[in-house]
Amino acid sequence: LSRGAEEEALLVTCNSNSSAGTVCWAGADFSQLLCLSHDEGLHLWDVGRLETDEPLTIFSCSNARSLTTLADGGGPDYLVGSQWLEEAQALLVVGGRSNGDLHLLDCSSGGLRLMRSLEGGHTTTVRCFLWDAGREALITGGEDGQLLLWKPGEKQLIMRKQHLTKSNSALKIKSRPHKKHVYQREKRT
Numbered sequence: 001l002s003r004g005a006e007e008e009a010l011l012v013t014c015n016s017n018s019s020a021g022t023v024c025w026a027g028a029d030f031s032q033l034l035c036l037s038h039d040e041g042l043h044l045w046d047v048g049r050l051e052t053d054e055p056l057t058i059f060s061c062s063n064a065r066s067l068t069t070l071a072d073g074g075g076p077d078y079l080v081g082s083q084w085l086e087e088a089q090a091l092l093v094v095g096g097r098s099n100g101d102l103h104l105l106d107c108s109s110g111g112l113r114l115m116r117s118l119e120g121g122h123t124t125t126v127r128c129f130l131w132d133a134g135r136e137a138l139i140t141g142g143e144d145g146q147l148l149l150w151k152p153g154e155k156q157l158i159m160r161k162q163h164l165t166k167s168n169s170a171l172k173i174k175s176r177p178h179k180k181h182v183y184q185r186e187k188r189t
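Using the UniProt record's numbering, read the sequence shown as starting at 1 and increasing by one per residue.
Honestly, the hints are just simulated from the structure, not real lab data. Note that this is a predicted model, so its numbers are computed, not measured. Ideal placement from N, C-alpha and C gives every residue a C-beta, glycine not left out. There may be inaccurate statements among the hints.
Calculated lysine to aspartate or glutamate pairs in the EDC-like style (CA-CA distance at most 20 Å, straight line) [as the list claims (entries may be wrong)]:
(1) Lys151 / Glu87
(2) Lys151 / Glu136
(3) Lys151 / Glu86
(4) Lys151 / Asp132
(5) Lys151 / Glu119
(6) Lys151 / Asp101
(7) Lys151 / Asp106
DEER-style ranges, computed between Cβ atoms [claimed, not checked]:
(8) Ser98 / Asp53: 40 to 48 Å
(9) Ala20 / Ile139: 17 to 25 Å
(10) Gly141 / Asp53: 40 to 48 Å
(11) Cys128 / Ala28: 23 to 31 Å
Build out the structure end to end from the sequences listed, making use of the hints.
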């Protein structure tokens with residue numbers, strides 16, 4: 001990007017019509033670009049079609065939460081992110097519920113399809129995930145302060161939440177009691 005003029009560096013513009021939350025490359029030749037917007041939109045483009053007459057948009061939806069029906073008839077509350085799974089040749093989108101339940105979704109030109117739900121691990125919103133292809137494991141992190149390791153085919157979590165205790169932070173923060181606490185400091189006279 002540092003070579004040539006700025007105008008020469010820009011190859012394509014894809015518009016999600018909203019603020020972009022996360023993006024990832026996908027497809028066998030990594031020519032597809034997926035964008036999840038902050039308002040739960042999902043947009044999939046094929047930038048490999050630049051030199052053709054075919055449209056760049058493969059799939060676009062302004063509210064991807066409505067694309068998949070879960071067991072209780074509802075949909076995910078939010079989308080966590082996405083990742084291309086090279087071995088499976090699939091585009092994984094992770095959706096979640098505010099109670100901590102996760103839903104693994106397959107994204108294609110037809111939209112989202114529920115692959116599997118992961119329940120009973122987190123207790124609040126999940127903010128991040130990482131698929132570890134070498135270990136065939138999913139690592140998730142949530143607002144409950146937990147990092148959980150999930151493995152396909154396992155009947156339960158690798159680290160059961162009930163057996164976990166949060167470790168003490170290595171960083172200790174000094175704080176003063178809030179003014180509205182029941183107890184007050186005695187004034188020196």
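To see whether the hints hold, each was checked on the structure:
Distance restraint check for Lys151 and Glu87: the Cα-Cα separation of roughly 16 Å lies within the 20 Å cut-off, and the hinted pair is therefore satisfied. Proximity of Lys151 to Glu136 is assessed by CA-CA distance (about 6 Å); at most 20 Å being required, the pair is judged to hold. A threshold of 20 Å between alpha carbons decides the hint, and for Lys151 with Glu86 the separation of about 17 Å falls inside it, so the pair holds. Of the pairs offered as hints, the one joining Lys151 and Asp132 holds, with about 10 Å between alpha carbons and a cut-off of 20 Å not exceeded.
Using a Cα cut-off of 20 Å, the hinted pair Lys151 and Glu119 holds, with the two alpha carbons roughly 13 Å apart. For the suggested pair Lys151 and Asp101, the alpha carbons sit about 15 Å apart, so the restraint of at most 20 Å is met. Distance hint between Lys151 and Asp106 is fulfilled; the C-alpha atoms sit about 17 Å from each other, no more than 20 Å. Taken as a hint, the range 40 to 48 Å holds for the pair Ser98 and Asp53, whose Cβ atoms sit roughly 44 Å apart.
A hinted range of 17 to 25 Å holds for the C-beta pair Ala20 and Ile139, which are about 24 Å apart. Here the CB-CB span from Gly141 to Asp53 is close to 43 Å, well matched to the stated 40 to 48 Å. Cys128 and Ala28 have their C-beta atoms about 26 Å apart, which keeps the hinted 23 to 31 Å range intact.
Consistency note: the structure conflicts with none of the earlier hints.
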